Amino acid sequence: MSSDGLRRLVKARNRDVEDDFNEQMNDLQKSNRRVRTLSDSDDDDAVPSKMARKDDDFSSEAKQSKVGGIGAKLLQKMGYKEGEALGKNKQGRLEPVALTSARGRHGIGHSAAEALSRDVNVVWDDTTEKKTVEEAPVWMEPASDDVRSEIADKLSADMKSWIVIGKEKLSLDNEDRYCEGRLLEELLKAKSVFDELSTKDLNEARQRANPYETIGSAFFQNRAAMKTANLDRIFDWILSGEDSDGRELKNPIEPKAKQQNVDRNAPLFYFADVCAGPGGFSEYMLWRKGFYNAKGFGFTLKGKDDFKLFRFQAGTPEFFEPYYGVDNDGNVMSPQNITALADVVKRGTGGQGGVDLMMADGGFSVEGQENIQEILSKRLYLCQFLVSLSIVRPETEDRPGGNFVCKLFDIFTPFSIGLIYLMYIAYRKISLHKCHTSRPANSERYIMCEGLTQEGATVIREYFTAINNKLNDLEKGKKKGPADDVMEIVPEEVIKDDPYFMDYILDHNNSLARRQIQYLNKYRVFVKNQGQIDMDQADLREKCLEYWRIPDLPKKRVNDRNRDSPDVAFGKLCEQLLRWDHLGGTPRGFDDAVLKSTDSFAHVAKYHYCAYTERTPPSIFVTLTDGSTFYRGLDERNWNRYDMKIRVPRNSLFLAQTTFRYKLKNGQLYQAKRVLRIVDAANLAGDNVTKLSYPERMKAAKKYCAAAKLYGGSAEWTGELVAADTYSLEDLVALDFDLKVFQNQPTALLVDPDCPEGSLLQVHSFRVVNILKENFDFCWSRSKRLIYISERQGRMPTVFLNSVPSDHASFASFWDTLLTRKSGTSQGESPPKQMIWRWTPKIQSSSQYGAKTILRENSSTEGPTLESLRDFLDSEYERLSCNGARLIGDVFRQ
243 MSSDGLRRLV KARNRDVEDD FNEQMNDLQK SNRRVRTLSD SDDDDAVPSK MARKDDDFSS
303 EAKQSKVGGI GAKLLQKMGY KEGEALGKNK QGRLEPVALT SARGRHGIGH SAAEALSRDV
363 NVVWDDTTEK KTVEEAPVWM EPASDDVRSE IADKLSADMK SWIVIGKEKL SLDNEDRYCE
423 GRLLEELLKA KSVFDELSTK DLNEARQRAN PYETIGSAFF QNRAAMKTAN LDRIFDWILS
483 GEDSDGRELK NPIEPKAKQQ NVDRNAPLFY FADVCAGPGG FSEYMLWRKG FYNAKGFGFT
543 LKGKDDFKLF RFQAGTPEFF EPYYGVDNDG NVMSPQNITA LADVVKRGTG GQGGVDLMMA
603 DGGFSVEGQE NIQEILSKRL YLCQFLVSLS IVRPETEDRP GGNFVCKLFD IFTPFSIGLI
663 YLMYIAYRKI SLHKCHTSRP ANSERYIMCE GLTQEGATVI REYFTAINNK LNDLEKGKKK
723 GPADDVMEIV PEEVIKDDPY FMDYILDHNN SLARRQIQYL NKYRVFVKNQ GQIDMDQADL
783 REKCLEYWRI PDLPKKRVND RNRDSPDVAF GKLCEQLLRW DHLGGTPRGF DDAVLKSTDS
843 FAHVAKYHYC AYTERTPPSI FVTLTDGSTF YRGLDERNWN RYDMKIRVPR NSLFLAQTTF
903 RYKLKNGQLY QAKRVLRIVD AANLAGDNVT KLSYPERMKA AKKYCAAAKL YGGSAEWTGE
963 LVAADTYSLE DLVALDFDLK VFQNQPTALL VDPDCPEGSL LQVHSFRVVN ILKENFDFCW
1023 SRSKRLIYIS ERQGRMPTVF LNSVPSDHAS FASFWDTLLT RKSGTSQGES PPKQMIWRWT
1083 PKIQSSSQYG AKTILRENSS TEGPTLESLR DFLDSEYERL SCNGARLIGD VFRQ
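To convert, count from 1 in the sequence shown and add 242; that's our numbering.
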C-alpha cells in the first residue's frame, strides 16, 4: 500500500475513534445533566435507564432464606423473640423500617420527596387520555384585506407609539388576559413539583408515560426531523409541497422499492433552517424532496449546537449551506446578521425573492427559570419571526407567498400575543398547534404561517426591525436593578377588537394548559410507580409512521462510512456491465459533411454541441457515500483522489473538466476562479440519468449544480461545481464570441452564463454529440411543420420531437457516447456518437485552422466556420420556406 493510502486509512480510523468518543461523551453528559425544563423541546433523546426490580420479583421462600446469619444471632442475644418487640418493656416497633423515598439530590423530609415517593399501588387511568394517530389542526380565520390594510396604515403612520416600555417582569403572575387564571396557576404549580427531580428519574418516567415516545427519530439524526414529518403530514404537506404521486415514487414506503426522480424538471425547492442545529429539519426536507430537488440555507449559533452535516443519513448534505452572518457567530438577534442572511438568501434563490419555506426551532437552557421561559425567549420569538419576513418569498400577482413554521413555548404575555397578532396580519393564514411528536407535558407548540403577504414583507418587517433595535439598545444600556423592557407591541384594544382572534387564543391556551396538567400528573404517577408503562407506545409508533409516510428503517451509525473502493462505487453507480477499455480513445474530428449527408433538414437536429474549456480531455468523476471524490481519465488505469476544494455531492458519476473562469483586466486575461465543469452526466446524487437524451442529462446537471452552489462564501470550498451548456446548431451560430490573444495564441472566449459577474471561459474545442442511437433519425414533417423521430426499420411508431419522453428508446445513453473504440468509423458505417471540433491548432502543426479562422473567416477548406454554418442553415430555411424560424433549439428548451 502506498504511503498516501496508508495516511488516508489512518485519518479515516481517527475520525471513527473521534465519532465514537464524541457519542459516548454526549450520552454521558445527557445522563448527568439536569433536565433543562419540562417546557423545553427536549429534542435530544435521553438514554433509558434500567428498570428497577420490584420486591414482588422475589419469592417468599427467597426472602425467608435471607433471614438469619450474624444479624439474627445478635438479635437473639439481645432477647429478641419472633413476633415480639425489643426493649425492656417490649415497647419497640414490630414493623420493619421503611425504605427512604428520597429522590435526586434533596433530603428526607423535602416536600418533593413526599409528593413523589414510590408507591406501586398508584395506577394511571388510561381512559382519561385521547391517543390518536390523525390530528386536525385548526386554522385561524384569515384577517380580512381591510383589517390587514388598516393595521399596515397605522404602523406606517406611527409605529413607535405602539411600543410600550416598562420595567422588566420576571414572573407570569396575573398573566390571565389570554388564558384562564385558574388553569395558569394550576399549571405552574404542577411544574414546580418536579423542580428537584433528577434527570434520570424524570427521563425514565417520561419515556414510560408518553404514548408517542418510542417514535423517537426513526432513521434521522434527531427528533426534530420527525416533528417536521408529523407537521408536514397533518398540515396536508404544505411544508414540503409534495403531492401523493411524486412523494411515494421519490421515497417509497417499501424498503426494496426503487426511488424515481419524478421532479427532475420541477423548479428547485428552497428552504431555510434557522436556529435549528444540528439539522434534523433540513435532513428531513432533503430526504422528502429527494435527489437534488431542494436547496437549503442554514443559520444557527456557531459552536457545539452547530449543524452536524456529517450526521445526515437520509438527505444529501451538499445541498445544504450553513451561514453565520457578518459576525460569523450565527446569532439571530444581531440586526447585522439578519440583514446579511437576507442578502445571501435572495442571491441564492434564483431571483424568486426568498425561500419557499422557513423553519425556526430556537431554544436555550432556562435551568432554574422554567416558569418564565416565555419571558426569557421573547426576543428569540421576535427575531425568528423577523427573519421569516426577511427571507420567505412574498406573494406576487401570479404566485402565493412562501410558508413559515416556528417553535414557541408559553404565549401568555401581551408581548407574545402581539407578535402572533402581527403574524396573523403578515401571513394569509396561521395556526397554533401542538403535534404528537412534541412531548405532551412541555409547553412547546408550533405556529404555522401560510402565504407571506406584501404587508408582511414590508411594513410589519420594518416594525419588527424597530422592536429588535429597541431591545438591542435596552440590552446594551442595562444596569443593576430592574431594567427597562418592551412590554407591549400591539395595543390591547386592537387585539380585543378582533373577537375571533381573541377566542382562538383563549381556546388554544386553555386547551393546551389542560393537556399539560394532565400529563404532568401522569408523569407524577409514573415517577411513583416505576413498574407502570404506557402499553400503546408500540402500536402508536407503527401507525404514526405509516400515517406520516415514513418507512420504518433502522438508523445507521455515523461512523459506518462507505468503505467501497472507487471501482466498486463506480460499478454501483454505473448500473450496467461494461469494459473500461471500450471507453475513450481519440474521437473523430468534426466535419460539417455529416450535417449534409441526407436530404432531410431535420438531420442536423441530432447533433448537439458542448464547449471544452481545456486542452486535455475530460475525466470520469465518482463520489462515494462519505463524500470523497475520485477521478480517472478515459485512457488511464487508476483512480486519483480529487482535492481541489470543490464540494461535490455524494453518490454521483459524471464526465467533467477542472478549469478556470477568467476575467478581463486592462485588456489582459487572468484566472478568477477554479471550477469543476460537468460536460456529461450518468448519475446525479443517486438519480440515474444515463438513458436521458444528452440535452436532458445536462439540464438535470444544471439543476444539480444549482442545488450545490454556495452563496455565503466559504474558506473550505473555494472552487465551484458547474454544468456546461449544450447547444443546437441554431444556438451555436447565434453565440457571441470574443477573440483575444492569450499565451501568444488567438483564443475564443465565451461569457459564462452561470456567472452573473460576467466571467469568461476559454473555448479550446467543441464536443459534438449525436444524441440518437444508430437505427434512428430525425425527419421533417411538411404538413405539421415539426420534427419527428423515425426508426429506420420501422418497427417503432414515429413520434414528434415536441412530445417525446426524455428517456425515449431512440436516444443514445451516456455510455453510448463514450464507446468510441467500439463504434465503427470506416466508410459506409454510422458515424461515432461523439466527435471533436478543435478550435485550437494542434501543437507542432503547420495548420492555422483554429479560433481566429472559425470566428472571423467566411469559410475554410480545413473545416467549418461559424459563418459557413449560418449560410447552411439559411439555405435550409429558405428551401423549406421557414422564413428563419427556429425549428430545433426551441424544442429542446421546452
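Bear in mind the hints are in silico, worked out from the structure with no lab data behind them. One thing to keep in mind: the hints can contain errors.
Between beta-carbon pairs, the in silico distance windows are [unchecked claim]:
#, residue 1, residue 2, range
1, Leu748, Lys720, 30 to 40 Å
2, Ser956, Lys402, 36 to 46 Å
3, Asp809, Gly773, 13 to 23 Å
Computed cross-link-like contacts, DSBU-like style, restricted to lysine-lysine with a CA-CA straight-line distance of at most 30 Å [unchecked claim]:
#, residue 1, residue 2
4, Lys905, Lys1094
5, Lys1084, Lys982
6, Lys620, Lys409
7, Lys550, Lys500
8, Lys620, Lys500
9, Lys797, Lys905
10, Lys951, Lys544
11, Lys442, Lys372
Bear in mind the structure is a predicted one, so any value in this text is a computation, not a measurement. Glycine included, each C-beta is placed from N, C-alpha and C at the ideal position.
Q.
I'd like to know which numbered hints this structure contradicts. Please list them from smallest to largest.
A. Hints 3, 8 and 9 contradicted; others consistent.
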